[in-house]
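Work out the full structure: start from the sequences and follow the hints.
Chains G and W are the protein sequences, given in the same order.
Start counting the first sequence at 1; every next residue gets the next number (the working numbering).
Start counting the second sequence at 1001; every next residue gets the next number (the working numbering).
Worth double-checking, as some hints may not be accurate.
As the list claims (entries may be wrong) - Only pairs whose alpha carbons sit at most 20 Å apart, straight line, appear in this in silico EDC-like list of lysine to aspartate or glutamate: (1) G/K107 x W/E1153; (2) W/K1201 x G/D80; (3) W/K1298 x W/D1249; (4) W/K1201 x W/E1021; (5) G/K107 x W/D1249; (6) G/K89 x W/D1249; (7) W/K1201 x W/D1182; (8) G/K12 x G/E122; (9) W/K1223 x W/E1099; (10) W/K1269 x W/E1300; (11) G/K132 x G/E62; (12) W/K1269 x W/E1315.
These are calculated hints, taken from the structure and not from any lab test.
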Amino acid sequence: MTANDPIHGEGKGPDRIFRDALAEGKFLIQRSRSSGRCYFFPRLVEPGTGATDLEWIEASGEGTVYATTVVRNRPEKGGDHNVCMVDLKEGCRMMSTVVDIAPADVKIGMAVRARIDTLNGEPAVVFVPAGK
Amino acid sequence: MANSLRGKAAVVGVGLANRPEAPGRNAIELLAEASVNALDDAGLTLSDVDGLFTGSAFHYMPTLSAAEYLGIRPSYSDGSMVGGSSFVMHLLNAAMALEAGLCNVALICYGSNQRTIGGRLVSMSEPQPYEAPYRPRYPVSAYALAASRHMYEYGTTREQLAEVAVAARKWAQLNPEAFARDPLTIEDVLNARPISDPFTKYDCCLVTDGGAAVVMVRSDRAKDMKQKPAYLLGAAGAHWHRQISMMPDMTVTAASESGPRAFEMAGLKPSDMDVLELYDAFTINTILFLEDLGFCKKGEGGAFVSGGRIAPGGELPVNTNGGGLSCVHPGMYGLYTVIEAVRQLRGTCGERQIEGAKTALAHGNGGTLSSQVTSILGTEETL
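If you want it as structure tokens, here you go:
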């Protein structure tokens, strides 16, 4: 766990810190020490409260599919792919994709686990079915 | 103070550039055509305009471009950008500016040639960095995700979504200005090309060209003008997110906040409304907004629209012009909800006219279910 005070401190902002960690294979999310609340996406202050007593924690990677769609594409354009919303165990939600299964087999309520893949040349958090 | 704007301003002119396919014409030409038509409808001319309200996917500084093109020097202008709901927001902003004496004749205008220049939605929007890597198809996938959740939580069905598209098409068949008027069945919707599950092509709004404009003045002046005025009784906007992934509950939109505030200003309730014009970018929109604006309970929107209830001859007339699904959708449809509401209140809608309509609700949606703006308009009797 790394303490981070982006308002008063020097150096990188939360967006860059998140991306640099991802490049090193770590999926970080922020938590307010006072409220204990985790949130995503990374921000300079806790949204709504303005709390700046933020710390970075490594996400457990455990999540549940909250919503899902199959984006339809012709095979020559890369075929169909899944886009979904995942609720992380820590209580925040993100857009992602579930891979390693057919896009239409992704169901709401499905338990999933995070993995860092490369999408369009950049590291990104994707999910696979839990236990797979 | 809560009702200090109620009935203080009125829409006295409406105009379209009804060119769903406008090859050889650009966006600002369509805006200007609609503006001239709206002013003519009001019995005014460009030289009367001193308040300008506009938004665009083509012009970075839209009020500057529109004022320059029209050759006007507004004493007040506003280019607030909340996507397709901007122009409904402009109704409220224009009413405030008129009431404050900052301007006397407000022109709200819009034009787009997105169909001709590419056949797809034109947007100046920056990519959303925490969503773009996953390649959602914008904006359809955002709405599809919301639909998937509504289906999961409330048992809303594909057929119920299709009912919305079929009802819109039936209204469009009564509107000679509508772009898509061929017969459409529930089976047609279900069997069409899938775009982003659960949506097929017919769950998605049209991609057209077009222009739209309305003229507003203070109510004391409105009553002596050429057209029967449509008074702004209430309006409110609310927004809770920008990116769809930040929407707190994907089955509840900020219309659940904008609606009650607009009704409060108007001193009216949902059951007082004679006709509804809801921004139906996708079939799920109509269901969500009927729920969030208080026309049925949360989760019951799918059942509510079934059996032709919102179609011609049904209990509650919704999207009587055919909506964004079947009438027109040049990218930001919001102002069209206002124009159809005004026409219904004037009683000039021909075959699709709701007999004796005195109150109308026009609701704009912007971004990815992000911005919600509700307006309530009424005839002189409702003042």
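Those earlier numbered hints the structure runs against, lowest number first: Checked against the structure, no hint fails, so every one of them is satisfied.
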